[in-house]
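S.K.: Line by line, the protein sequences give chains A and B.
Throughout the first sequence, residue numbering follows our numbering, covering 134 to 353 in sequence.
Throughout the second sequence, residue numbering follows our numbering, covering 23 to 287 in sequence.
If you're looking for bench data, these hints aren't it; they were derived computationally from the structure.
Just so you know, these numbers come straight off a predicted model, no measurement behind them.
Mixed in with the good hints, there may be bad ones.
Stated by the list, open to error - Here are the computed lysine-lysine pairs in the DSSO-like style, where the Cα-Cα straight-line distance is at most 30 Å:
#	chain 1	residue 1	chain 2	residue 2
1	A	248	A	276
2	A	248	B	149
3	A	276	B	181
4	B	149	A	276
5	B	102	A	248
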Amino acid sequence: MTAASQPLIELRNVAFAYDRDRPVLDECCFSLLPGQRVALVGANGSGKTTLLHLIVGLLRPTAGELYAFGKTRRHEHDFHEVRQRAGLLFQEADDQLFCPTVAEDVAFGPLNLGKPRPEVRRIVADTLAALELTGYEHRVTYKLSGGEKRLVALATVLAMQPEVLLLDEPTAGLDDEATQRLVELLGRLPQAMLIASHDRAFLEETTSLTRELRAGRIFG
Amino acid sequence: MDRQYQSVPYVLQPAHGGGHGGSHAAGYIAHVDPRLRILTAAAASVLIAAAQQFAVLGAALAAAVVAWTLSGLSPRTVLKRLLPLNLVLLLLAVLLPLSTRGTPLVEFSSLSFSQEGVLLATTIALKGNAILLTLLVLLGTMDATTLGHALNHLHVPDKLTHLLLFTVRYVDVLHRESLRLRAAMRVRGFRPRVNLHTYRSYGHLVGMLLIRSFDRAERIVAAMKCRGFRGHFYLLDHFAMTRADLPFAAAAAAVLLALGLWEWA
Numbered sequence: 134m135t136a137a138s139q140p141l142i143e144l145r146n147v148a149f150a151y152d153r154d155r156p157v158l159d160e161c162c163f164s165l166l167p168g169q170r171v172a173l174v175g176a177n178g179s180g181k182t183t184l185l186h187l188i189v190g191l192l193r194p195t196a197g198e199l200y201a202f203g204k205t206r207r208h209e210h211d212f213h214e215v216r217q218r219a220g221l222l223f224q225e226a227d228d229q230l231f232c233p234t235v236a237e238d239v240a241f242g243p244l245n246l247g248k249p250r251p252e253v254r255r256i257v258a259d260t261l262a263a264l265e266l267t268g269y270e271h272r273v274t275y276k277l278s279g280g281e282k283r284l285v286a287l288a289t290v291l292a293m294q295p296e297v298l299l300l301d302e303p304t305a306g307l308d309d310e311a312t313q314r315l316v317e318l319l320g321r322l323p324q325a326m327l328i329a330s331h332d333r334a335f336l337e338e339t340t341s342l343t344r345e346l347r348a349g350r351i352f353g
Numbered sequence: 023m024d025r026q027y028q029s030v031p032y033v034l035q036p037a038h039g040g041g042h043g044g045s046h047a048a049g050y051i052a053h054v055d056p057r058l059r060i061l062t063a064a065a066a067s068v069l070i071a072a073a074q075q076f077a078v079l080g081a082a083l084a085a086a087v088v089a090w091t092l093s094g095l096s097p098r099t100v101l102k103r104l105l106p107l108n109l110v111l112l113l114l115a116v117l118l119p120l121s122t123r124g125t126p127l128v129e130f131s132s133l134s135f136s137q138e139g140v141l142l143a144t145t146i147a148l149k150g151n152a153i154l155l156t157l158l159v160l161l162g163t164m165d166a167t168t169l170g171h172a173l174n175h176l177h178v179p180d181k182l183t184h185l186l187l188f189t190v191r192y193v194d195v196l197h198r199e200s201l202r203l204r205a206a207m208r209v210r211g212f213r214p215r216v217n218l219h220t221y222r223s224y225g226h227l228v229g230m231l232l233i234r235s236f237d238r239a240e241r242i243v244a245a246m247k248c249r250g251f252r253g254h255f256y257l258l259d260h261f262a263m264t265r266a267d268l269p270f271a272a273a274a275a276a277v278l279l280a281l282g283l284w285e286w287a
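Chain A extracted, bound-state conformation:
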């Protein structure tokens, strides 16, 4: 395999269950190559969120292997690097935005990565500008509208300068205008993406491949 076609993320026969009797994933195989934009579809409770959480190590497989950015990842410390290189956008923005102001929230990730403050400020300004959110720096996060919250949450993920974006129901609760804005913004981003959603129209506009999660396995 050449470097270009080597998967960024690969799940090899991964199994996972919240409780033993009802496995969510079973012998699940999946890979994401550089530049790919993959739609992850499946019924409610089919394990889409679980799959995304497994990739960044918030959950651990009960069987199988998880390979990300050139290494097999098993332990908490393996995932520190994965979480920086693969940014996860949570289903609910309120869970992701916990700092009082937009600027502080966007700065949280880069500060954790130990970047110097002047650089952090630049990252904050650049990220907000890229998402057309300039001027939002000192807005209070919990007073933003649903659409604004989603975009700011995306900004907090992008501020980590990830190579892969994992988006969990990015259009949930958004109106047409906010959805369209998100489509345009995502179209401009260079990252490989894995987007879990029920919104077929949105997926058609943002992704080129579709994978379906059914009975604990990936199809398509």
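Got chain A; can you put chain B on it based on the hints?
M.R.: Below, chain B without anything else, positioned relative to chain A:
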């Protein structure tokens, strides 16, 4: 760095304090280093609570009033906060002279109002108002987030300041969650009455709120881990003492020292 103080609504001025970019007219006090204000407020409170002389307490109240004029807090805001305290004090002003033994001042048949009681009530009223006004002026002009950060800088344990910061952020989310649950109860015909069904339903409501908060806490920790959190909060802005803080520091120290000497020397 100045902007940090203006980024979140102030504790006392949520209505027009939410200006983004410093549009509201905060007075001099709001620009003094928060750490200095916290230390001053703490020292003043202890001193006033311990002092016994009328003159000293009166002077402390006068100093608090002077600080108030420098704070830019409207009389309405401050009086609204002082009112509940003074209602309680009013009750004391009636009860204490009745219950304290000493030289009778006025007598109605079997009721006797003592001079000592009146003095005691006045002392408590002076102390209460002086302390509350000091706290309002020094801490009420600070947003809750800044208070949290400043406490952290003053080496208050991380856990406590994190609690404060997260409370500020999530109290509103929890409130909305409880409103949603209540609405869900109401649309199914729930009306609170004095009966077991009501108590049980409220029990479910509180239980559900607790469980949801717990789940939310887990999701927040997950989101924080995804952004590299390893147990330490880095602040984007640092506090820095400036020359503008010197007059306040000098005045506060002088007033506190003078009051202390007056009382105890």
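S.K.: Next, verify each hint and record whether it holds.
M.R.: Hint-by-hint comparison with the structure:
1. A:248 to A:276: Holds - the C-alpha atoms of residue 276 of chain A and residue 248 of chain A are around 28 Å apart, at most 30 Å.
2. A:248 to B:149: 49 Å, violated
3. A:276 to B:181: 26 Å, holds
4. B:149 to A:276: 38 Å, violated
5. B:102 to A:248: 45 Å, violated
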